[in-house]
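Engineer: Full structure from sequences and hints, please.
Going letter by letter, the sequence shown gives residues 40 to 241 in my numbering.
Just so you know, the hints here were simulated from the structure itself, not pulled from any lab data.
As the structure is a prediction and not an experimental result, all values here were calculated from the model.
Everything hinted at is true.
For lysine to aspartate or glutamate, the following EDC-like pairs were computed, each having C-alpha atoms within a straight-line distance of at most 16 Å: (1) 47 x 105; (2) 47 x 80; (3) 74 x 45; (4) 75 x 113.
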Amino acid sequence: MKLILDEKVINLQNQLTSVSEIFMHIKNHLDETEKKFSHMEFDGEEIYEDFEEVIIERLSNLEVLEVVFVTLNELLNDLYHTGESYLKRALPEIRKTFDLFYQGSTEMAWTNMEQILIALNWVNQLVDSIDKLDHKPSNWEEYVVAITTIRNELPQLEDGIKAKDSTLIADILNYEIVPGLEALKQALTKSIDLEGERKNAN
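Structural biologist: Here it is in structure tokens:
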């Protein structure tokens with residue numbers, strides 16, 4: 040098989056001993072270039088997780104394994120866009136949900152609430168991912184304020200869920216969580232405008 044690391048092409052045997060070699064070459068390339076790992080392409084198919092398992096599973100027939108790297112700026116820009124797009128979709132659904140809770144908790148409200156908790160966890164991980172990078176956006180303080188607002192309300196939100204207090208849940212979503220998410224979305228948009236780029240911009 041061919042292992043492609045940017046412009047570098049390395050020929051490897053399709054055998055188990057090559058698996059550790061692949062990751063050694065990736066580590067060396069990261070050390071040499073200061074780029075960030077993005078994902079892998081197995082004969083043209085993009086894979087974003089469980090890399091070692093997929094390599095072993097496809098080892099016998101694998102022809103080309105391309106490892107995709109990005110610069111720090113490219114990685115940040117991708118995180119900004121992913122977060123902004125996610126929140127644009129999530130916020131209207133959260134608003135619909137707190138309206139449902141104000142009307143009295145319905146089955147739909149509780150189903151949506153499960154999705155909101157997943158969304159809040161995702162947002163938390165997104166901010167953590169940016170925080171772990173060597174470079175932060177120039178408006179990082181706005182991220183910190185927004186995510187702190189959200190994190191501070193989670194224990195009370197969990198209490199409301201345990202008590203099945205639909206009014207409390209609606210109030211927290213309406214007056215705390217949504218404004219926090221809105222602030223985070225605005226911070227992401229500002230980061231794109233100041234430091235990133237709109238890929239489809241004319």
